Amino acid sequence: MAVHQSSFVAKTPGRGTTNVTADVQRVADASGITTGVCTVFIQHTSASLLITENADPDVRVDLETWMSGAVRDGDPKFVHDAEGPDDMSAHVRTVLTDTTVTIPLRDGKLALGTWQGVYVWEHRTSPHERKLIVTVLGE
Amino acid sequence: MAVHQSSFVAKTPGRGTTNVTADVQRVADASGITTGVCTVFIQHTSASLLITENADPDVRVDLETWMSGAVRDGDPKFVHDAEGPDDMSAHVRTVLTDTTVTIPLRDGKLALGTWQGVYVWEHRTSPHERKLIVTVLGE
Amino acid sequence: MAVHQSSFVAKTPGRGTTNVTADVQRVADASGITTGVCTVFIQHTSASLLITENADPDVRVDLETWMSGAVRDGDPKFVHDAEGPDDMSAHVRTVLTDTTVTIPLRDGKLALGTWQGVYVWEHRTSPHERKLIVTVLGE
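Residue numbers (our numbering), protein chains in the order written: chain A, 1 to 139; chain S, 1001 to 1139; chain L, 2001 to 2139.
It is worth saying that the hints were derived from the structure and are not from the lab. For clarity, every value in this text was computed on a predicted model and none was experimentally measured. Zero decoy hints are in this set.
Some chain S residues close to chain A (C-beta under 8 Å, calculated; not the full set):
| id | residue |
| --- | --- |
| 1 | M1001 |
| 2 | V1003 |
| 3 | F1041 |
| 4 | H1044 |
| 5 | T1045 |
| 6 | V1071 |
| 7 | V1092 |
| 8 | L1096 |
| 9 | T1100 |
| 10 | L1137 |
Pairwise CB distance ranges (calculated):
| id | chain 1 | residue 1 | chain 2 | residue 2 | range |
| --- | --- | --- | --- | --- | --- |
| 11 | S | E1129 | A | K109 | 15 to 23 Å |
| 12 | L | T2125 | A | K77 | 17 to 25 Å |
| 13 | S | K1011 | A | T21 | 27 to 35 Å |
| 14 | L | N2019 | S | G1084 | 40 to 48 Å |
| 15 | A | T21 | S | S1006 | 19 to 27 Å |
| 16 | A | W115 | S | S1006 | 20 to 28 Å |
| 17 | L | N2019 | A | S126 | 27 to 35 Å |
Beta carbons: idealized from backbone N, C-alpha and C, even for Gly.
Given these sequences and hints, build the entire structure.
Encoded structure:
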């Protein structure tokens, strides 16, 4: 049994999704671990992790459409708006999605389904550098 | 310390919840591990995992009622509808719930609360076979 | 490699958030593990875990405002109301947030971002004692 931990930065172009599946797999490769789990953690409260369809990009467009309708930027009920109308909505969107995901590792590969990809979902409208920590546990 | 990994298929009758607590416990039993964690992962983007009340089935009826109201099948704002009105809504519902859960293992048993059960939540209206991977880590 | 498991109770004052970051760190300290992961699990279906901003308390006020608007107490569509108008809404709110989170451990410390805190989100209106199990895995 062994543990391997590494971090990387995802540069986001503003609100939207960035595929980090290959970055996570790269850490798994470096670990030399073949059976176990790979946990991904994002150190932010206004960007989150997302496992969703990787084939048709319209899925991620529609996720954004749904989320923008459910959590309004600049909602007048929000008190916290120091950084603008996308500040508090970004925190709500993060809470509704994931700060951490744990993916099984099988034969050294992330055991994702055929149509699953791992994404950073940037909820702020401006570009950011987002720090992720990947921990691999297994043998 | 040891790791044990196994997969199983949950047959769903269409939209609704299927209790898989016993299936997950079975993998934990086979692992021989008594203290650690049991992580469950579903390899799909239109069905998800759910930990919720296992006593009154009305809870799961009401969860479905809430979700159906919050995420509309056939929402005209959705672009992705290749597989019908429940296609894109299933992806949104999956994102709002869980693709992966990690449950503590204590004395060889899933340390769930008295009223907690582990369910697959099928979000498509037709029956499916859903693949789950369980990884147990501990000693 | 080692595993360490411990539980604690969070006393909640009714609906709202309780910071448990120090309680979780205390279990990590006791484990003697410096590199790995720390998984937190709450054994309830009407209170959940939340990782969000720890600086401006208005963020958690606004999260509550959003959630109260999205999931109505006493929604007449709900069937399950044995314990009052906050009963079923508490189950929905739990499903939309987290029952389990996995946080990386680095140099013996929870590798949270600068602005991240770990909270119990009590969804019932009356005070409760909530049981949490922390499992630390690593070396």
